[in-house]
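*Asks:* Just so we're aligned: the sequence shown equals residues -20 to -1, 1 to 325 in mature numbering (1 follows the signal peptide of the UniProt record, and there is no 0).
Be aware that a few hints might be false.
Said to hold, decoys possible - Calculated lysine-lysine pairs in the DSBU-like style (CA-CA distance at most 30 Å, straight line): (1) Lys42 - Lys278; (2) Lys42 - Lys27; (3) Lys278 - Lys54; (4) Lys252 - Lys238; (5) Lys36 - Lys86; (6) Lys54 - Lys27; (7) Lys278 - Lys238.
Claimed, not checked - Cβ-Cβ distance ranges computed for the label pairs, FRET-style: (8) Lys25 - Ile230: 24 to 32 Å; (9) Leu102 - Asn7: 46 to 54 Å; (10) His269 - Asp151: 29 to 37 Å; (11) Asp235 - Val4: 34 to 42 Å; (12) Asn100 - Gly220: 16 to 24 Å; (13) Val37 - Ala198: 27 to 35 Å; (14) Arg222 - His269: 39 to 47 Å; (15) Asp253 - Ser152: 51 to 59 Å; (16) Ala(-2) - His269: 28 to 36 Å; (17) His197 - Ser239: 40 to 48 Å; (18) Pro215 - Asp255: 49 to 57 Å.
Derived from the structure by calculation, the hints contain no laboratory data.
All values reported here derive from a predicted model rather than from experimental measurement.
From the three backbone atoms N, C-alpha and C, an ideal C-beta is built for every residue, glycine too.
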Amino acid sequence: MKKILVLTTIALLVSGSAAAKTWVLTNAEEGMDKGNWQINSDQLKVKDHAFSIEQKVLHGGKQEGSKILTIHSKDGLTITLSPTRGMNLLRIEGFGSRMGWDSPVKEVVNPAFSNLESRNGLGWLEGFNEMMVRCGYEWTGHPVTADGQIYTLHGKAGNTPASLVEVEVADSAPYEIRIRGLVKESTFKKADLQTLTELRYVPGSNSFSLHDVLTNHADYPHDYQIIYHSNFGTPILEEGARFLAPMSSISPFNDYAKSGLKTWQTYQGPTKDFDEMVFNIQPLADENHQTLAAVVNKAGDKGASIQFDTRQLPVLTLWKKHRYRQAGLCHRYRAGDQLRLSGDH
């Protein structure tokens, strides 16, 4: 069983591959990894846009051995992701702004130093600092104990190193860059879910897209859950910043969220003792099942939006947390029919 999820992120407010060159950076089956690696537009004799793609192996603290992979487009975006952490997007920068937030976790934590079951199943938080985290795939929610086992916060996907990592650059204009990573969640007598993640970016542009294919390799059906947990901070999120999305309904997740219904669409500045406030949203889509969700700053001159297909991600959740300088868009696909969007500031 195969499930394709396509997410188009329109960064800072805005996509069949032709012949291309491909580099394999990691292949677990062959026991190989290129470690520190780099390629750039000059080496590829590309004149239209200057860009580079670089992989670095990090050292020190809990990030010892973690890898980051960065696309740098001189007149576009700088996109940094981590193959060590489930191909999570660490941060996006460009056009005078950034997508990301200021977590107290400063290192790119190697999952080898994490215990997801610590703090009663909240160990995921000890590495959480990314702009976008894939949560799943057996489980995406709060920690619970069921069927004789512990399901930890947001699952294991974001703390699973990719088994295969490839970089591809098209041979002709617009020289689209594709970064693919294979993330496996395989357990004997349990799940065998494999997700081929792909990030696509055209140098010089202010948008990128994510194309994921999740496949159940087991001999039997298996439920799966997915959250695309995207998080934003300054300069987009500030007092007076707004959340925008077409919707048919919005409802509070709990009693605490009821108190914020009158101001759910706007953000406060950092507020001491502000607990997370969650709203469930039913998005509206066009005739092609496409919709948008966005956050914009008070002046309306900086923002970020995410475009998605409501047949694949039909339910949205807005999550606000004004205690920290963080905000986000997060979307969830749970057991086939849920999408979540979240924000924290």
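*Asks:* Is the hinted range of 16 to 24 Å satisfied by the C-beta distance from Asn100 to Gly220?
*Replies:* Distance hint for Asn100, Gly220 is violated at roughly 37 Å.
*Asks:* Could you tell me whether the CB distance from Lys25 to Ile230 stays inside 24 to 32 Å?
*Replies:* violated (51 Å)
*Asks:* Assuming the hint says 34 to 42 Å, is it satisfied by the Cβ distance from Asp235 to Val4 or not?
*Replies:* violated (51 Å)
*Asks:* At the C-beta level, are Leu102 and Asn7 separated by a distance inside 46 to 54 Å?
*Replies:* violated (33 Å)
*Asks:* Lys36 and Lys86 were given as a pair; does the straight-line alpha-carbon distance stay at or below 30 Å?
*Replies:* holds (17 Å)
*Asks:* Does Lys27 lie within 30 Å of Lys42 when you go C-alpha to C-alpha?
*Replies:* violated (40 Å)
*Asks:* Would you check the hint for Lys252 and Lys238, treating anything up to 30 Å between C-alpha atoms as holding?
*Replies:* Between Lys252 and Lys238 the Cα gap is close to 19 Å, so the pair holds against 30 Å.
*Asks:* Using the C-beta atoms of Ala(-2) and His269, is the stated range 28 to 36 Å upheld?
*Replies:* holds (31 Å)
*Asks:* Taking only the CA atoms, is the gap from Lys278 to Lys54 under or equal to 30 Å?
*Replies:* holds (28 Å)
*Asks:* Determine whether the Cβ-Cβ distance between Val37 and Ala198 falls within the hinted range of 27 to 35 Å.
*Replies:* holds (33 Å)
*Asks:* Does the structure keep Lys42 and Lys278 at a Cα separation of 30 Å or less?
*Replies:* Violated, at roughly 37 Å.
*Asks:* Determine whether the Cβ-Cβ distance between His197 and Ser239 falls within the hinted range of 40 to 48 Å.
*Replies:* Hint holds: Cβ distance 46 Å, inside 40 to 48 Å.
In this structure, the earlier hints numbered 1, 2, 8, 9, 11, 12, 14 and 18 are contradicted, and the remaining ones agree with it.
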